[in-house]
Amino acid sequence: MISAANILLLILAIITAIAAISVKDLLGAVALLGAFSFFMCLLWAEMGAVDVAFTEAAVGAGVSMAFFVATLYHIARRSRD
Amino acid sequence: MSRILGIMMVTFFGALLILSTVDFSPWSDPAQPAAVHVSPRYIERTIEETGIPNVVTSVLADYRGYDTLFETSVIFTAGVVVILLLRREKKW
Amino acid sequence: MVKDPDDIIVRTVARFMIPIIQLFSLYVYVHGHISPGGGFQGGCILAASFILISLAFNIGEAKKILSGRKNLLFIGLGVFIYAFTGLVPLFVQGNFLDYQHLSQFLPLDPVMARYYGVALVELGVQITVMAVMISLFQDLVTAGRHESILKDRENGIDR
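Chains as they are written, first to last, in the numbering used here: chain A, -13 to 67; chain B, 816 to 907; chain C, 287 to 445.
In case anyone wonders, no lab produced these hints; they're calculated from the structure. Using N, Cα and C, we set each Cβ at its ideal position, and we do this for glycine too. Any given hint could be a false lead.
[To be verified] The list that follows gives simulated cross-link-like pairs (lysine-lysine, DSS-like), each with its CA atoms no further than 27 Å apart: (1) C:Lys437 / B:Lys905; (2) B:Lys905 / C:Lys350; (3) C:Lys350 / C:Lys437; (4) B:Lys905 / C:Lys356; (5) C:Lys437 / C:Lys356.
[To be verified] Calculated from the model, a selection of chain A residues having no Cβ within reach of chain B, i.e. all distances over 10 Å: (6) Ala(-10); (7) Leu(-6); (8) Ala(-1); (9) Ile7; (10) Ala15; (11) Phe24; (12) Leu29; (13) Trp30; (14) Ala47; (15) Tyr59; (16) Ala62; (17) Arg66.
Turn these sequences into a full structure, and let the hints guide you.
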């Protein structure tokens, strides 16, 4: 049984995933990847896998975003492709 | 040319993956293969065997202790490798 | 990060938030037996508090609390706690990672020995995850040269 909230979250996750790989500004791509992680976290929480959702929120949307921004500190901000 | 080839490959394997989801058991079906083998035993006996109310924790750290041990050692290895590759210091 | 961000709002909010984040991480670890959570998530949240110190003040401030050497020690200590907890049952003819044999060393019955064995193991996971995340962040943000950058700052060279 897939509810309407599930469909909405899935659509938003797909939109943010496609936007994250197509945007030129790398900081924007990192922010969109964080949004994607958070939608996946909400999706898992909605499915009942609260432990996985918690890990995704702590690692995917939290610490790994800090790592990406720390790496962006050293490289050019705009992507060429 | 390689772009068209790439799109064809992605379409083909994507269609294959979507085709395979037809055979999945229904959502939250108690008779699906993943839920009939050892899961009921863990769910029924985790309190009397370990005293931990959260089944996820008891499976992760007790029944599947080897898994978590080597998961931790993977994180340890990742940290050590990043230190070896990136750190440019004589004295820490 | 490396330079001081001279922003009083960020500093005040960080000073207010850091104890709450660390307390929440301990709650996630201790309460992981009952609610979702555990060592991995708690370690990540604890590392996030140190990353917040590095972002709002600078890396030197974070290294005053947890120096690079201590952090390196913590990386190994967590895995050691985990492996040693698994190794102890071998001395009394149990299996590796079979925590119920801990009851012969601690004043506990076998069921509660498994309960506290899991708690010990999660502590090891938390320590390793925290130390690895902090060292990863510090190496990434300074390209592995935090000591020389800090020394340059003391000598007045700004990067």
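Is the nearest CB of chain B more than 10 Å from the CB of Ala(-10) of chain A? holds (14 Å)
Holds or violated: are the alpha carbons of Lys437 of chain C and Lys356 of chain C at most 27 Å from each other? Measuring from Cα to Cα gives roughly 19 Å; hence the hint holds.
Against the 27 Å threshold, does the CA-CA distance of Lys350 of chain C and Lys437 of chain C hold or violate the hint? Cα-Cα ~14 Å, so holds.
Over 10 Å to the closest beta carbon of chain B is the bar; see if Trp30 of chain A clears it. holds (13 Å)
Holds or violated: is the Cβ of Arg66 of chain A farther than 10 Å from all Cβ atoms of chain B? holds (17 Å)
Hinted pair, alpha-carbon criterion (27 Å max): Lys905 of chain B, Lys356 of chain C. Please report holds or violated. Answer holds: Lys905 of chain B to Lys356 of chain C is near 16 Å, not above 27 Å.
Status of Leu29 of chain A, Cβ more than 10 Å from any chain B Cβ: holds (13 Å)
Ile7 of chain A: least C-beta distance to chain B exceeds 10 Å? holds (13 Å)
Does Tyr59 of chain A clear chain B by more than 10 Å, comparing its Cβ with all Cβ atoms of that chain? holds (13 Å)
Distal placement of Ala47 of chain A relative to chain B, Cβ over 10 Å: The claim stands: Ala47 of chain A keeps its Cβ more than 10 Å from every Cβ of chain B (closest is about 19 Å).
Nearest-CB test (10 Å) between chain B and Ala15 of chain A: holds (20 Å)
With a cut-off of 27 Å on the C-alpha distance, tell me whether Lys437 of chain C and Lys905 of chain B pass. holds (13 Å)
When held up to the earlier numbered hints, the structure conflicts with none and fits them all.
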